[in-house]
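2 protein chains.
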Amino acid sequence: MSILVVGSVAYDSVETPFGKEERILGGSATYFSTSASFFSDVNLVAVVGEDFAQEHVDFLSSRAIDLRGLTRVPGETFHWKGRYGYDLNEAQTLETHLNVFESFRPQIPAEYTAADYLFLANIDPELQMEVLSQVSRPRVVACDTMNFWIASKPEALRKIIERVDIFIINEGEARQLSGEPNLVKAARRILDMGVKTLIIKRGEYGVLMFNGASVFAAPAYPLEEVFDPTGAGDTFAGGFMGYLANTGDVSEEGIRQAIIFGSVMASFNVEDFSLNRLKRLDYGEIEERVRYFKAMTHFQGLPAAGSPK
Amino acid sequence: MSILVVGSVAYDSVETPFGKEERILGGSATYFSTSASFFSDVNLVAVVGEDFAQEHVDFLSSRAIDLRGLTRVPGETFHWKGRYGYDLNEAQTLETHLNVFESFRPQIPAEYTAADYLFLANIDPELQMEVLSQVSRPRVVACDTMNFWIASKPEALRKIIERVDIFIINEGEARQLSGEPNLVKAARRILDMGVKTLIIKRGEYGVLMFNGASVFAAPAYPLEEVFDPTGAGDTFAGGFMGYLANTGDVSEEGIRQAIIFGSVMASFNVEDFSLNRLKRLDYGEIEERVRYFKAMTHFQGLPAAGSPK
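Going down the list, the protein sequences come from chains A and B. In this text, residue positions in the first sequence follow the numbering used here: the first is 1, and each later residue adds one. In this text, residue positions in the second sequence follow the numbering used here: the first is 1, and each later residue adds one.
Isolated chain A, as found in the complex (with noise of 0.2 Å):
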């Protein structure tokens, strides 16, 4: 099964206490399909510009991810500069030059409109509904957002939000979303909105999951070097789907697992700047990492016969 992700592939220019880097790859597209890539094949719509080096594009290439709705235009590739402070938990964006992302309308490639897996990574609500009207009928679409389209454009993302499976959002923007500063009360309000599932991302502390029926809560991997958290979230998302896509299994049990895996992939990406530690990951790490969580969540739980008093 193959994935189709929309979303945007970028320069980052990423200031952390541990160092300093410019114009490194990065982009929501380009994380997403480099971890969902470990798992799954990857159909990357996005736009470039000019500037983007062959290096990159073979790098993408290298990782089974197919180019061919990644557009080249004039212009200069989406730039993003932030930096983080030592609690590593919010960017403070310092520069936002959209250059050709601007203008961006995604053209989903007839060959990948069949796509039974789709993820909408964090742009416009409206270019969201734009890709959900050229594609036929996948069996997951997962999508993201972001606090400025929450306040800018909330009458299309609510559209967005009836027509999606799985909303992947981090916190604040649930909160933000729902009005409800109570998460699980903002969890059943975003579920009321017409989201049968939904993952709240916590950073440092996990992931929860909601979808009306029970509740999964999963930490993040205890981490003694965070050196770069740009693209955890997108990373995360990769991994989720593309082992969603992988076993082809949507059941709860399923989703729970694809989680796991996400937040494995996610505590890998953040070890080192861009994309650096996902390009020397091997398999056999992500597999004992997930023994980790497995091993790290575990008790007993009510013993088979008797009870304390």
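No lab work stands behind these hints, which were simulated from the structure alone. As the structure is a prediction and not an experimental result, all values here were calculated from the model. A couple of the hints might just be wrong.
[As the list claims (entries may be wrong)] Listed next, the in silico DSSO-like pairs over lysine-lysine satisfying Cα-Cα at most 30 Å (straight line): (1) Lys81/B x Lys185/A; (2) Lys20/A x Lys185/B; (3) Lys196/A x Lys294/B; (4) Lys294/A x Lys294/B; (5) Lys153/B x Lys196/B; (6) Lys196/B x Lys185/A; (7) Lys185/B x Lys279/A.
[As the list claims (entries may be wrong)] Which stretches of chain A does chain B cover? Using the computed rule of at least three CB atoms under 8 Å from a CB of chain B, they are: (8) 179 to 187; (9) 215 to 224; (10) 248 to 262.
All residues carry an ideal CB built from backbone N, CA and C; glycine is no exception.
On the provided structure of chain A, position chain B as indicated by the hints.
Chain B alone, transformed into the frame defined by chain A:
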């Protein structure tokens, strides 16, 4: 097995977005004892003033808490006044009247000195040391502290840390004590100070346990209504120590299980002011919520045979 706890019995005046209560029963030893009493006998050592109401003595007695160590002296009972905002994570202290607690010098009754399980609630580490010098050889000593003692009595606190088996603090305290923003590194530094088991409370994000060999991550129960967070940490510790004392299983497996029972007790406590929720709690509800925790954290892990590409 019985537990000995030394800490505060207090009156609290609490304001939350959901209501306001004056001079309600509180204090670290009160929350701890009541929670632990669901699992084990508890011997309480604390001090109250002449204003401490008989109904509160009666309540503690009704929970089979042994009060021979509860001293009544001239003056008023410790009184804390605080307020919580909508995020309910951090209390804003409005007033602290130590009153009779100011000159508290814990005297452990002779019949308590052979205690197998000892909890040193958050009091001056020099007093915690005095308690340790009065007990013979407890099987498990657990201890709490707070930012004030970390800053004002670091030497005395370090001596306590060397002598306890289980140190239970919150995330901010772990960072403050270790001088390390990364929580995994902070935990390692605290273990290096001589603690065998470190439990870090993260409020609505759950609990992390470190012991040098492994990490255990427990989520918090996803509550729709957090009415009053006062006493959550001590209620956690009470459920945790109560369960340990009940089963006698202080293996890592036993400690993990006890963390879940502690988390369950804390999740009930915050559903109402003071100890009101624990007053009407029955053991069946505790078991039901333990099962919920098990279901909430379940995922398959790596399949026995075969793995994704």
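Hints, one by one, checked against the model:
no.: 1; hint: Lys81/B x Lys185/A; verdict: holds, 29 Å
no.: 2; hint: Lys20/A x Lys185/B; verdict: holds, 22 Å
no.: 3; hint: Lys196/A x Lys294/B; verdict: holds, 23 Å
no.: 4; hint: Lys294/A x Lys294/B; verdict: holds, 13 Å
no.: 5; hint: Lys153/B x Lys196/B; verdict: holds, 21 Å
no.: 6; hint: Lys196/B x Lys185/A; verdict: violated, 38 Å
no.: 7; hint: Lys185/B x Lys279/A; verdict: holds, 26 Å
no.: 8; hint: 179 to 187; verdict: holds (count 5)
no.: 9; hint: 215 to 224; verdict: holds (count 8)
no.: 10; hint: 248 to 262; verdict: holds (count 5)
Violated hints amount to a single one, hint 6; each of the other numbered hints is respected by the structure.
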